[in-house]
Amino acid sequence: MKVTTKLAQLRADSGNISYEEISESTGINRQQLRELENGEANAMKRSFR
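Here the numbering used here is used: the first residue of the sequence shown is 361, the next is one more, and so on.
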């Protein structure tokens, strides 16, 4: 399963948890989370530096 699919599924399963809540838990900023969920390639590189 792709990260984009998994992130979307996890958000849906949790009652559409906000990017803000995920950001606080993971340290990945909201913009990068949105890009990851939308499949934008550069987001992966920036998120895991």
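Treat the hints loosely; a few may be bogus.
[Stated by the list, open to error] Using 20 angstroms as the maximum straight-line C-alpha spacing, the simulated SDA-like pairs for lysine to any residue come out as follows:
1. 366 - 391
2. 366 - 387
3. 366 - 380
Treat the hints as calculated values from the structure; they're not laboratory data. As the structure is a prediction and not an experimental result, all values here were calculated from the model.
Against the structure, the hints:
1. A C-alpha spacing of about 17 angstroms is found between residue 366 and residue 391, which places the hinted pair at or below 20 angstroms, so the restraint holds.
2. The straight-line distance between the Cα atoms of residue 366 and residue 387 is roughly 18 angstroms, inside the 20 angstroms bound, and the hint therefore holds.
3. Proximity of residue 366 to residue 380 is assessed by CA-CA distance (about 17 angstroms); at most 20 angstroms being required, the pair is judged to hold.
When each numbered hint is compared with the structure, no violation occurs for any of them.
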